[in-house]
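Chains as they are written, first to last, in the working numbering: chain G, -10 to 343; chain B, -10 to 343; chain U, -10 to 343; chain X, -10 to 343.
It should be emphasised that the hints constitute simulated quantities derived from the structure, not laboratory data.
Check the hints yourself; a few may be wrong.
When chains are identical, the list treats them as one kind, so a pair holds in a single copy or across two.
List of simulated lysine-lysine pairs, DSSO-like, C-alpha gap at most 27 Å [claimed, not checked]:
hint : residue 1 : residue 2
1    : 10        : 26
2    : 154       : 32
3    : 167       : 290
4    : 167       : 235
5    : 32        : 10
6    : 280       : 235
7    : 280       : 290
8    : 238       : 280
9    : 290       : 10
10   : 238       : 32
11   : 167       : 154
Predicted model only: the values in this text are computed from it and were never measured.
Here is how the chains run, residue by residue.
Protein chains: 4
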Amino acid sequence: MAGSGFGTIFRITTWGESHGKALGVVIDGCPAGLALKEADINKYMERRRPNAGKMSTKRKEPDEAEILSGVWDGRTTGTPISIIIRNEDAHSSDYSGLWDVYRPGHADFGFDAKYGFRDARGGGRSSGRETSARVAAGAVALKLLSEIGISVHAEVESIGAYPAKSIEAEELITGLRKEGDSTGSTVFCCASGVPAGLGDPVFEKLDARLSSAIFSIGAVKAVEIGDGCAVSLARGSANNDPFRIKDGKIVTAGNHAGGILGGISNGSEILIRAYFKPTPSISVPQDTVRKDGTETVITVKGRHDPVIGPRAAVVVECMTGLVLADSLLLNMSSRVDRIRSFYGASDSSEDAGQ
Amino acid sequence: MAGSGFGTIFRITTWGESHGKALGVVIDGCPAGLALKEADINKYMERRRPNAGKMSTKRKEPDEAEILSGVWDGRTTGTPISIIIRNEDAHSSDYSGLWDVYRPGHADFGFDAKYGFRDARGGGRSSGRETSARVAAGAVALKLLSEIGISVHAEVESIGAYPAKSIEAEELITGLRKEGDSTGSTVFCCASGVPAGLGDPVFEKLDARLSSAIFSIGAVKAVEIGDGCAVSLARGSANNDPFRIKDGKIVTAGNHAGGILGGISNGSEILIRAYFKPTPSISVPQDTVRKDGTETVITVKGRHDPVIGPRAAVVVECMTGLVLADSLLLNMSSRVDRIRSFYGASDSSEDAGQ
Amino acid sequence: MAGSGFGTIFRITTWGESHGKALGVVIDGCPAGLALKEADINKYMERRRPNAGKMSTKRKEPDEAEILSGVWDGRTTGTPISIIIRNEDAHSSDYSGLWDVYRPGHADFGFDAKYGFRDARGGGRSSGRETSARVAAGAVALKLLSEIGISVHAEVESIGAYPAKSIEAEELITGLRKEGDSTGSTVFCCASGVPAGLGDPVFEKLDARLSSAIFSIGAVKAVEIGDGCAVSLARGSANNDPFRIKDGKIVTAGNHAGGILGGISNGSEILIRAYFKPTPSISVPQDTVRKDGTETVITVKGRHDPVIGPRAAVVVECMTGLVLADSLLLNMSSRVDRIRSFYGASDSSEDAGQ
Amino acid sequence: MAGSGFGTIFRITTWGESHGKALGVVIDGCPAGLALKEADINKYMERRRPNAGKMSTKRKEPDEAEILSGVWDGRTTGTPISIIIRNEDAHSSDYSGLWDVYRPGHADFGFDAKYGFRDARGGGRSSGRETSARVAAGAVALKLLSEIGISVHAEVESIGAYPAKSIEAEELITGLRKEGDSTGSTVFCCASGVPAGLGDPVFEKLDARLSSAIFSIGAVKAVEIGDGCAVSLARGSANNDPFRIKDGKIVTAGNHAGGILGGISNGSEILIRAYFKPTPSISVPQDTVRKDGTETVITVKGRHDPVIGPRAAVVVECMTGLVLADSLLLNMSSRVDRIRSFYGASDSSEDAGQ
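Whole structure, please, built from the sequences with the hints as guidance.
Have a look at this one:
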């Protein structure tokens, strides 16, 4: 099935495996005239890259994005933007024993059930490295949004039971690295400046599209909009955000809803939280089975982050950007009066109901 | 935008407003030869209906589904199945004051921002009643799944802070009804018999599709798969489900993952939890604004459930069924050997790599 | 497969069989605020109806379209417009012997190969009557186009070897009716007022979308744009339409291209010709086979037009309207400057290439 | 709009401009396990390449396709296959005067109307060179089809008024090259071994999908299936293909229908004819206008084929292959009995109608 595409008007298709020649993305439907250069993309790529700190993998990933098409003289042309990220530093040998064994917490078994076999080098298509292509595309979406005054920001919020930036979190990571174990985390994302009216009332609710985008990031096991799970405990009288007039504009007092009501943005900040499971690749011995149906014990080698959130935050930000950009373009055709005005036609419509 | 369609091969399109002539759904892509009669659908419609109990609305909704096409001689023909549910008992007068005022917690304001105006009778397209069409379609999907040995069941799990079936929950509902207030709830859904291999590795992950389906139900503010939010606190060594051999088959010991790894089903039960906000329609006075930008106080009249979960459970079940049915059909084309066998072609392929 | 849907933003889904309870269409994505009443649709339905003349079937088809949703107070609301056309006067008995025999020139055999069986009453889903739902939807699309100053008109051009309105054509029809035979025909369609820029450069060329729309009408075996087949004999110097300035606007001198160059409209009239095969249902005896693999001779009874073009013209017009309406909406997101202006954002973009 | 994608399950997205760094395609949804190497693709690329003969352009295009992902150990993995074709030998200077002038017969004016500006080097995205990416993708589709016993072949049929392989055609080409003029042509395509049942009854008719695919090739102005235009002159009694039994199979005697009835394949050969206009790039002086609205005369320089058909034949073949591959996969989910058998479920269905 064609499951590597995302979006309707601003549509991306990613490709590439962790240890193949390259990864990349084709953006089809980016409007013409957007100023775009590789540096605009690479500043996001950098955020996905393992940093020098203690929380992330030691694998070296230059991850330089190169634009192959769709940009001319510094501006997008309206035709597909193809971006390539070449693979280097691929230690396939780390995966040499993994072809016929199923790593717990990974897609290996499902992959074989679906396709009959798999490229086991580095998780192949299911590697976290696949997200680099999304970040490249998301960077373009975020640049487009910034033209309309929309900004999106995501960052890691908690690591295990601790705020992400605490000393306790840092100590936890150091300890896990020694033990060869891992921990879960959360990422919080906020989009500001989103006009009211984005999203559609039924299946293409803005929150439905966002949740799908966030759940499509490997290791996400829960998504909240606004108050999220806590709404199940709240009363309506407390959970409803009253409308107010502020500076002549309609706004909400409070934002339990996280900026979306009935699937449509209401002009308040859009608030999203993603819950990431602990990195499944751990060097602690685990029971598992081989493809041939025999049981075994596995110890996963290789350079793996003991926590996913820190590097995944930019992916959450980019996926959010991709949904908002597409929704922004889809929303342009919602009203006949605006379509008439767009095409310079006068209002020749008969009076309704007569 | 065309946001009333859902699915790729098993694709549905719903239509209709709460207080219009009727609601309905067209199912396009249901395979031919499925035994189907209206009673198969109406037993699900009944579960969505307000019961005589204390938890649900007093509005009378016969909600009889009628099949208009696509079934002949008791079997589906492969052509579109059109199902209609006529509206009766529509008290539009309850909504007479709502045209120019925005109910807190509702889509009213977003609707006007998007479309310029709205059909305010009963929430129009954003009414919970819209889900009756999904249930009709979901019933057909669930019947198809049962042919392959897949069963899905959802029920309300908690109401406010109490287990759904407790005396405390019942008392809470009774109290809220008197106060004109409402409470949140959760629904838990389990799908059994799902073969390993459904879902796709990147954007069309099975959990991404499921979360989008569940979030498309009004009032859902969080979705969990498997352990959900709790994974953010877990260690990898505890969260990974070891693989085992049981009765000659590969299974997981434990199911923290909720049956999905890397976006692909692993053969274990699929576990989903949805968090519903309190019913936004409450008779407690709330601050809000009018379309003309003046502030006011609103008291929402009409017959409204003080809690959404009890009637929404069957909607969760049906949306899950729709995703699984579509994924099941999409998965049939994943392997060349199976395609050859399907079309009765012999294996004439050259040896790979030579 | 979900093959009953058409369009991306302005998307329709048709349903219903020739001799079932009803046929219908759901229009999802029609912009809000379009003045619409049933009479707007029924004037097109009337053109599809068999007239009193000699060229069309004697079957009585009232074909009154009823709007079930999506219109409120005389205007479209932006939510799905469901239209139903009830079946009356269905002489299923005319088809009583056709369940197990394959009519030459019909889809019967393919249907059985695909679905295993079929609803043989009146051709079921493959009946020409299916087009009534398209006409209902097309009428709405054409009304939307008229708001932007676009008009579309199609009519039958030739019947057999004669101009459609000639005495020879009328005599041919009279003779064929007596013989129980049929003849082919052509329909010509012209769209005026289409702005330059509709359609996309590669797979979604405007002519590709139009040809698909026209070929989706049963019995069409060829489609031409502009000079069509004749271009294969022409020289480039004669076939290229020179650009000129007229009244300050860029126009083409001549219109060999039929208003489309490289898949994009150029502002000239869009010219389409469709070639219809003779009605396959004829009462002349024909060799054929039964489902069980035995040979037989068939004589198709029932009231059938001896020529398809006269009633199909409005269907060509409506399918053209559906493509243009969708293309018009899709085109709104092609340029960043226009998107900025649409959303009221100022041009904050950095200088390109710096 | 996202117009560079094609197909539903076997879905491709092409990218790249004539004179950019590279062109390419991503194939998403190719089943796993197909033996594939670059030579399989490059033998098709070679057929698109200008040959040494007199009929084609003198431009040198090595057009070597390189596979970047989706193939491992000589077999497709089920994940996206990314193919890149690097550009060399790009004489952008030939186009130096074309930025602000609209070439007659080209998309230049429509491009500017749509996007505001364009990459004028070599026609940019609208160059015939864009088809190289389709050929790369089509080669994979054709290899998949060959696994099921389906073969497709297309070749140029006529050049101007002459059969393609005649001395007259060769002389015509020689003369046109001297004059700087061009001529039209036709390409004929035949697909054998296509099982009955492919295609869907309404909008996704197999002929509708094929016509869209063929019309999406630049310069096509007409498409015929089977007898095509000639059916408008035929009688039903002559045009209907009788069914017969041959070697125990149901076949048609004659093939006026070109293998498709009611949009569904009937097991006979699928016959398609495409009409190409003369190459619009000619060195004969032509009247035209500049972007600024002034009139001028243009003489298009550069190396251009005086006839499109010879090199386009392989593109027609590949587009046909892409449609058939997708239709083959879509058709797998049409019947419940086959789905049950595919998933190894027993027939547990209740008796219909009871």
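To see whether the hints hold, each was checked on the structure:
no. : hint         : verdict
1   : 10 with 26   : both (23 Å within a copy, 15 Å between copies)
2   : 154 with 32  : within (22 Å within a copy, 53 Å between copies)
3   : 167 with 290 : within (13 Å within a copy, 61 Å between copies)
4   : 167 with 235 : neither (53 Å within a copy, 34 Å between copies)
5   : 32 with 10   : both (22 Å within a copy, 23 Å between copies)
6   : 280 with 235 : between (63 Å within a copy, 14 Å between copies)
7   : 280 with 290 : within (19 Å within a copy, 61 Å between copies)
8   : 238 with 280 : between (61 Å within a copy, 11 Å between copies)
9   : 290 with 10  : within (22 Å within a copy, 39 Å between copies)
10  : 238 with 32  : neither (35 Å within a copy, 44 Å between copies)
11  : 167 with 154 : within (20 Å within a copy, 46 Å between copies)
Violated hints, listed in ascending order, are 4 and 10; each of the other numbered hints is respected by the structure.
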